[in-house]
Each structure stands twice: as structure tokens, then as C-alpha cells.
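K.L.:
Sequence:
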Amino acid sequence: MHNNTITTNNPPVSWRYDPTLYGNRDLRIDFLRGIAIVSMVFNHLESSSYFSAINRGHIYASAAEGFVFLSGLVLGMVTLGRINKVGFSEAMKKLLERSGKLYLTSFILMSVLGLLSIIAPGLTRPAFDFAPGTWWQILLAAATFHLAPPVIDILQLYVLLLLFSPAIFWMLRRGFWLPVVAISWTFWSIQQLHPYALSFHPLDREHPYFALAGWQILYVHGVLAGYYRQKLQELWGKIPKIPLVIGLVLIVIGSITTAHYDIQLGIWPAKFSDRVAWLAWTDRSRVGFLRLINHIGFFPLLYIIVDTFWQPLHKILGKLLISLGQNSLYVYIVHVPVTVIWFLIPALVDGNPIVTTIAQAVAVGCFWWLVKKEVLFNIIPR
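In our numbering, the protein residues as written are 4 to 385.
Calculated directly from the structure, the hints in this document are not laboratory data. Every value quoted in this text rests on a predicted model; they were computed, and no experiment measured them. All C-beta atoms, glycine included, are put in the ideal place defined by N, C-alpha and C. Check each hint, because a few of them may be wrong.
For lysine-lysine, the following BS3-like pairs were computed, each having C-alpha atoms within a straight-line distance of at most 27 Å [claimed, not checked]: (1) K88 / K104; (2) K88 / K318; (3) K234 / K244; (4) K322 / K241; (5) K375 / K318; (6) K104 / K376; (7) K274 / K234; (8) K97 / K241; (9) K104 / K375; (10) K234 / K322; (11) K318 / K234; (12) K318 / K97.
Here are the simulated distance ranges between beta carbons [to be verified]: (13) Q314 / L201: 42 to 52 Å; (14) P315 / L143: 46 to 56 Å; (15) P384 / I270: 35 to 45 Å; (16) P384 / K88: 37 to 47 Å; (17) G269 / P129: 17 to 27 Å; (18) L143 / I122: 16 to 26 Å; (19) P129 / W239: 11 to 21 Å; (20) P22 / T147: 36 to 46 Å.
With the hints as constraints, model all of the structure from the sequences given.
P.N.:
Printed below as a string of C-alpha cells:
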């Protein structure tokens with residue numbers, strides 16, 4: 004009796020990202036930027052929604068930190084290609100031009116909201132609860148980085164980071180990556196030992212929330228990762244993934260656990276002196292070293308998840324997140340007036356969680372529609 008059964012060994016179906024399908028652009032990075040921009044929208048459209056319950060205070064990480072690192076990463080990759088194509092001087096000129104555009108955008112947003120706070124007090128929340136000064140003080144402070152209103156203050160950080168970027172790329176072109184790292188960690192250390200000593204002192208807050216000396220460490224390491232991406236990818240391929248993932252998961256679990264007792268319950272650390280030290284170590288405005296450890300675990304793990312489960316994630320959320328991620332600066336700018344309007348409607352700030360959840364989803368959908376229709380693309384920076 005003959006066995007006529009034909010046995011075939013079909014290869015397992017892979018959900019991983021296949022770079023050959025998408026050209027030169029890495030859509031995983033756009034996807035991650037999309038996650039960051041949506042997370043930011045949910046945070047800024049403050050309410051007791053279900054999105055906010057999932058999104059806020061469960062780990063020592065935020066959308067802003069993801070943005071800053073990813074911005075450096077993308078800039079490192081793009082600028083390296085631009086230098087090879089048009090030369091160093093022309094590539095640096097592009098960086099300075101973009102810094103100028105962001106400076107103008109920051110100045111306009113801060114000036115408009117600041118002056119409006121004089122005319123209509125209480126109607127410019129969450130940026131200004133009240134006027135931080137006279138009209139000329141507001142204009143001067145906006146022009147000289149002496150305003151730090153919530154929601155729009157991070158633009159000043161980007162202006163300064165781009166302004167200093169030519170020096171970083173000049174050093175990297177000469178192979179001086181180690182001095183770049185040393186300088187970055189030196190400024191970060193100064194921020195930890197003498198908080199805000201190297202910062203502009205704003206009129207409207209006790210200290211800037213996005214102090215350059217601390218936050219630059221995320222950006223600089225992002226630039227390094229982008230500039231040396233090919234070498235890092237080769238190194239990444241040699242690292243055993245199971246032990247790596249286990250280590251990253253343990254860091255994230257530790258962060259989630261401590262954040263639950265710290266941020267959510269507020270019961271740990273209980274001793275006052277320990278509490279003071281812990282707040283410094285996890286301070287977002289200073290990028291405390293425990294936050295850095297958390298980022299070392301959380302960001303690579305998130306990248307691994309997106310890379311490993313790319314096919315289903317792309318099918319379900321790709322159309323939304325990639326579009327928003329590729330136009331994150333545009334979405335950021337457009338969301339500012341929406342946030343101000345949001346705070347003018349009590350039913351959204353303190354309303355029913357179901358209603359506010361729907362409203363947040365509608366806002367994200369509107370931002371996606373504006374991107375797809377390219378509304379004011381010729382005016383609003385992208």
C-alpha cells in the first residue's frame with residue numbers, strides 16, 4: 004500500500020516589518036511618532052476620559068521624551084544623507100532655516116496667547132491662566148525665551164537644539180562622537196546638580212519645563228543613533244533578543260510598579276527625605292536619571308513590539324498613526340488652538356468620561372483629516 008500524502012513545509016507567517024516593501028523611509032519610526040502625537044493630544048486635551056486613564060501616569064515616560072529622541076534620530080539619518088548629497092554647508096543651512104521657522108512659530112503662538120491673556124483673562128488656558136506681564140514684557144519675553152507656557156513651551160527647546168546641531172554634526176563628521184557624548188552628559192549632570200542654572204528664567208513659571216541642559220541628552224543620543232544607524236543595526240542584529248527583551252521588560256515592570264505607588268497612589272516613598280530625593284530622580288523637567296533608565300527599557304521595547312507585530316499593527320492603526328507621525332509638527336501646531344478651545348468648555352474638561360473619550364477621538368480624527376487634505380500645508384510648518 005502506497006502512501007500518496009504529499010508533505011509540504013510551509014514557512015511560518017511573519018508579522019515582522021519588511022523594509023523591502025516600503026522603500027527608503029522607515030515607517031516604524033513614523034508609527035512610533037504617531038503614537039507619541041496621539042498620546043500628547045490625549046494629555047493636553049485634559050479630561051477624565053478612558054484614553055487619559057490608559058495614557059497618563061502609569062510609567063515614567065511621556066510623549067515629549069519620545070518626540071525629542073525620535074526627532075534627533077530622524078534628523079541624524081536625514082542630515083547624513085543630505086550632507087552626502089548637497090554638502091555640509093548646504094545641509095547645515097537647512098537646519099538653521101528650520102530653526103528660524105520654529106522660532107517664528109514659537110514667537111507667534113506665545114505672543115498671540117500672551118496678548119490675548121491681557122484682553123481676555125482666563126480664556127487662554129492652559130497656556131496662561133492670567134497675563135504674565137504687560138504687552139511689551141510679553142513680546143520681549145516671547146522673543147528671548149523668557150516665557151514657558153504649558154502646551155507650547157517645547158518649541159523653544161527645538162529651536163535651541165536645531166541651533167546647536169551644526170556643531171554636533173561638525174564633530175561627528177570628524178569622528179568625534181565620544182566628545183559629543185561626554186559634552187552631552189556633562190550638561191545633563193550640571194542640570195542634576197544645579198537645576199536650571201543654565202536655563203532661561205521665565206516670567207510665567209518658577210522654572211522652564213523643557214530645560215535645554217537636561218533634555219538635550221535625549222536629542223543628542225537620538226542624533227547619534229540616526230547618524231550611525233547602519234553600524235548600530237549591525238550591532239543590534241548580533242544581540243541575543245530573548246535576554247534583551249527579558250531585561251527591558253523587567254525595567255518597564257519596575258517602572259510601572261513604582262509609578263503606581265508614586266504617581267497613582269502617592270504613598271511611596273513615605274519618608275519625606277526619600278520622597279524629595281525620589282522626585283528629583285524622576286523629575287521630568289530635569290530628565291532625572293531614573294527616568295533615563297526607564298527610557299532605556301521602554302523605548303527599545305516599544306520599538307521591538309512595533310517591529311515584531313508590524314503587520315497587524317499596520318493594518319489596524321497604520322493609516323492613522325503613520326499619517327500623523329509623518330506630519331507631527333503640523334499636528335502639534337494645529338492642536339494648540341484646539342486645546343485652548345477645549346479648556347473653554349467645562350463639559351469636556353470635567354464631563355462624562357464617555358463624552359470626553361468620544362470628543363478626544365473626534366479631535367484625533369479631525370487632525371488626521373486635516374493632514375490628508377493638506378489644509379494650510381503651505382503655511383503651517385511640517
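K.L.:
If a hint holds in the structure, say so; if it doesn't, say that too.
P.N.:
Each hint tested on the structure:
1. Between K88 and K104 the CA atoms are separated by roughly 23 Å; this keeps the pair inside 27 Å, and the hint holds.
2. About 34 Å separates the Cα atoms of K88 and K318, which puts this hinted pair outside 27 Å; it is violated.
3. With a C-alpha separation of about 17 Å, the suggested pair K234 and K244 falls inside the 27 Å cut-off, and the hint holds.
4. With a C-alpha separation of about 32 Å, the suggested pair K322 and K241 falls outside the 27 Å cut-off, and the hint is violated.
5. For the hint pairing K375 with K318, the CA-to-CA distance comes to about 18 Å; that is within 27 Å, so the pair holds.
6. For the hint pairing K104 with K376, the CA-to-CA distance comes to about 22 Å; that is within 27 Å, so the pair holds.
7. Between K274 and K234, the direct Cα distance comes to roughly 46 Å. Violation of the 27 Å bound is thereby established for this hinted pair.
8. At roughly 36 Å between alpha-carbon atoms, K97 and K241 are farther apart than 27 Å, so this suggested pair is violated.
9. With a CA separation close to 23 Å, the supplied pair K104 and K375 stays within the 27 Å bound.
10. With a CA separation close to 30 Å, the supplied pair K234 and K322 exceeds the 27 Å bound.
11. Restraint check: the Cα-Cα separation between K318 and K234 comes to about 30 Å, which exceeds 27 Å; the hinted pair is violated.
12. Proposed proximity of K318 and K97 is contradicted: the alpha carbons are some 35 Å apart, above 27 Å.
13. Taking the beta carbon of each, Q314 and L201 are about 46 Å apart, inside 42 to 52 Å as hinted.
14. A hinted range of 46 to 56 Å holds for the C-beta pair P315 and L143, which are about 52 Å apart.
15. Our hint of 35 to 45 Å for P384 and I270 holds, since their Cβ atoms are close to 44 Å apart.
16. Distance hint check for P384 and K88: the Cβ-Cβ separation is about 22 Å, which falls outside the suggested range of 37 to 47 Å.
17. Against the hinted window of 17 to 27 Å, the Cβ-Cβ separation of G269 and P129 comes to about 22 Å, which satisfies the hint.
18. Separation of L143 from I122 is about 18 Å and conforms to the stated range, judged on CB atoms against 16 to 26 Å.
19. The beta-carbon spacing between P129 and W239, approximately 40 Å, falls outside the hinted interval of 11 to 21 Å.
20. Checked against the given bound of 36 to 46 Å, the beta carbons of P22 and T147, roughly 44 Å apart, stay inside it.
The structure does not agree with the numbered hints 2, 4, 7, 8, 10, 11, 12, 16, 19 stated previously, though it agrees with the rest.
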